[in-house]
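Colleague: Given chain A's structure and the hints, the job is docking chain B onto it.
Protein sequences appear in the order of chains A and B. Residues in the first sequence are numbered consecutively from 286, following our numbering. Residues in the second sequence are numbered consecutively from 286, following our numbering.
Among the clues, some could well be false.
No copy is singled out in the list; a pair is fine if it fits within one copy or between any two copies.
Pairs of lysine-lysine, DSBU-like flavour, derived with a Cα cap of 35 Å [claimed, not checked]:
id, residue 1, residue 2
1, Lys385, Lys326
2, Lys326, Lys304
3, Lys385, Lys469
4, Lys582, Lys385
5, Lys582, Lys505
6, Lys469, Lys326
7, Lys304, Lys612
8, Lys338, Lys326
9, Lys582, Lys338
10, Lys582, Lys326
11, Lys338, Lys469
12, Lys582, Lys469
13, Lys612, Lys385
14, Lys582, Lys304
15, Lys385, Lys338
Don't read these hints as lab results, they were simulated from the structure. Just so it is clear, the structure is predicted and the values come from calculations on it, not from any experiment.
There are 2 protein chains.
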Amino acid sequence: MSTSTIGAESLFISACYCKPTQRTPIWIMRQAGRYLPEYRKIRSQVDFLSLTKTPELAAEVTLQPVRRFEMDAAILFSDIMTPVEGMGVEMEFSPGPVIKNPLRTAEQIEELRIPESGENAPFVAETIRIIDRELPSSVPLIGFAGAPFTLFCYLVEGGGSKTFSQAKSFLFAEPRLSRIILEKLTEVMIGYLEAQVQAGAKALMIFDSWVGLLADTDYKAFAYPSVCRIIESLDHLDVPLIYFPNQGATLLGTVKNCGADVVGVDWRTSLSVARNVLGPDIAVQGNLDPMALFASKEDLESRIDDVLREAGEEAGHIFNLGHGIDKNTDPDRVAFLVDRVRERSQRNL
Amino acid sequence: MSTSTIGAESLFISACYCKPTQRTPIWIMRQAGRYLPEYRKIRSQVDFLSLTKTPELAAEVTLQPVRRFEMDAAILFSDIMTPVEGMGVEMEFSPGPVIKNPLRTAEQIEELRIPESGENAPFVAETIRIIDRELPSSVPLIGFAGAPFTLFCYLVEGGGSKTFSQAKSFLFAEPRLSRIILEKLTEVMIGYLEAQVQAGAKALMIFDSWVGLLADTDYKAFAYPSVCRIIESLDHLDVPLIYFPNQGATLLGTVKNCGADVVGVDWRTSLSVARNVLGPDIAVQGNLDPMALFASKEDLESRIDDVLREAGEEAGHIFNLGHGIDKNTDPDRVAFLVDRVRERSQRNL
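Bound conformation, chain A alone (with noise of 0.2 Å):
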């Protein structure tokens, strides 16, 4: 590990808190991930699912991206589905995740699981614990989960899809039945998360993917509590809190009353209109294109001007993209942005 970040003592973690910094901090959602040819290097001797149970495995390519880049934050390497499967949900991956026998009625309701909070995916902690000695003290780990909403929308479906109609019709449907399996999952994410934080997690983030099929309205009836019960029971954990969630121009007027410290916005909603919903004392991350890695340097350059110009020069600013890092993007345009942050954001404090 490069010596250079050491002094830069977490800037992630006080631009989540909306203290003021040198410069902005800058992660990547899915940095370590099949567009670093390390990585594709340890994919090639290991299916995707033994990766993220194998805690050496998981905590080096969880690695790489901060060794390559120097990160100002690592981020878990993991999946949203993975603590799903202590709750007694068989599935597997191709590569999305597969489902074997979608949630449809009360009976594979009831019998969904919730294990004890150390006992769910304990692979996890160790490799969080390797990551832990790993890391130098200014780069902090974020654990994360996804949010019930995202989770029960694959559960119900089946895996993933574009309109999820099985989920939605499902949710409208049984209104009733889907509460239950949203209010299990949050109380299995609380536990994990915790359990996160216990093994050396330093940030929490909350990935509600899908939560960009909801209108308002719905949001508030199912998928915004949950995320609210989650964030209040890990406020004692005393770690900064970020909530993704994705696509959801149109509901960051209840977002900001969540309790996060932190919201995730896609590349659709500017960051000046995102911070202008939210208010100052929540921190934005985000929130250029990922498809913009494909642009010219120049168009690029300008475009990264543009993200920092609209986050605006106030505190409370970590520079990511909009959504994962697309499989083919060459690592060396990642250099290239993540230096071009270092450099036009430095302020004099």
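Modeller: Just chain B now, with coordinates in the frame of chain A:
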């Protein structure tokens, strides 16, 4: 055809132009489709592509939902990819469009033909002429086309996709070539839409199904100019123009100026918010979540009333779903919806 719609002369057209109407007109995106047993009966004998190209059958399925529900408008049964075949693009449907040779090179783009307006998909004009003879005068036929950016997405990606990452990376990596594709598509769509009006279409709708992939700056750079050009070029036809920027919550401030008489709104943006952005001179069309048709009748009722309330008392609302109807929808729920909208939107003029 029942005579009960006679006398409600062009409720739909009046609403498009923001003129007061006795009640809110209603039609439903994808109203001619798989949720109807009479449609499935025809489809059991003919594949999708042949159905779109056989005027008698395409006219018949266009008329089916108008007969069954007494909808206030008919919409041509066709596919947004239909006019693209005339440009020399080979495709099949399984069930969505699959492009044999996705556009990636300057040579391929150079070879895209611009057919004469009347020559392109002549079976569509014939379909419209049949429908025009069969429909009562109070029920206008809506012709349609895909917006150039949305067609670009399919042509470059090679088919449907959750992220259209090939199409978007091409857009950003090759903006010059992308603009050539978009301009050719624009020219072809203008001729195609003109031909529909000449054949008897009484309104036109432009579907920008994938424009929600773009941030507003990229929308302005790539998608919006072609929409404006189409609308401007069709102004002389003197039929209402509806533009549907699907998932375009963050684009409405730009969409406002595109020249459309009506803007379609998906279910994520409330109609009151859309009206506030679009102003009093643009009608809105939408926006019940299609999945609301799976809710209990009580819940569906209250959701319908919510849409009407959000649309407000002013003129210029066409009731519709916020996206195409799901194939598993119960037709009786559609009848219930149509009745409820009729009953609840009565006005004393």
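Colleague: How would you label the pair Lys338, Lys326 (within, between, both, or neither) given a Cα cut-off of 35 Å?
Modeller: within (17 Å within a copy, 50 Å between copies)
Colleague: Evaluate Lys612 and Lys385 at a C-alpha cut-off of 35 Å and name the case that applies: within, between, both or neither.
Modeller: Answer is both; intra-copy 27 Å and inter-copy 24 Å each pass.
Colleague: Within a copy, between copies, both or neither: which one fits Lys582 and Lys326 at a CA-CA cutoff of 35 Å?
Modeller: Classified as within: same-chain Cα gap 28 Å, cross-chain 55 Å, threshold 35 Å.
Colleague: Regarding Lys338 and Lys469, is the shortest C-alpha distance of 35 Å or less found within a copy, between copies, in both, or in neither?
Modeller: For Lys338 and Lys469, the Cα distance is within 35 Å only inside one copy (23 Å; across copies 50 Å).
Colleague: Between the shortest in-copy and the shortest cross-copy C-alpha distance, which are at most 35 Å for Lys304 and Lys612: within, between, both, or neither?
Modeller: within (33 Å within a copy, 51 Å between copies)
Colleague: As a check of your reading, is Lys582 near Lys385 (CA-CA no more than 35 Å) within one copy, between copies, both or neither?
Modeller: between (44 Å within a copy, 32 Å between copies)
Colleague: Given identical chains, is Lys469 near Lys326, meaning Cα to Cα at most 35 Å, within a copy, between copies, both, or neither?
Modeller: Intra 37 Å, inter 43 Å, cutoff 35 Å: neither.
Colleague: With 35 Å as the alpha-carbon cut-off, assign the pair Lys385 and Lys326 to within, between, both or neither.
Modeller: Answer is both; intra-copy 29 Å and inter-copy 32 Å each pass.
Colleague: Check Lys582 against Lys338 for me: Cα-Cα at most 35 Å, and say if that holds within a copy, between copies, both or neither.
Modeller: neither (38 Å within a copy, 46 Å between copies)
Colleague: Indicate which option fits the pair Lys326, Lys304 if close means a Cα-Cα distance not exceeding 35 Å: within, between, both or neither.
Modeller: neither (39 Å within a copy, 65 Å between copies)
Colleague: Classify it for me, Lys582 with Lys304: is the Cα-Cα distance of at most 35 Å met within a copy, between copies, both or neither?
Modeller: Close inside one copy (31 Å), not across copies (51 Å); limit 35 Å.
Colleague: Tell me, please, which holds for Lys385 and Lys469 at an alpha-carbon limit of 35 Å: within, between, both or neither?
Modeller: Cα proximity of Lys385 and Lys469: one copy only (19 Å, versus 46 Å across).
Checked against the numbered hints above, the structure breaks hints 2, 6, 9 and satisfies the rest.
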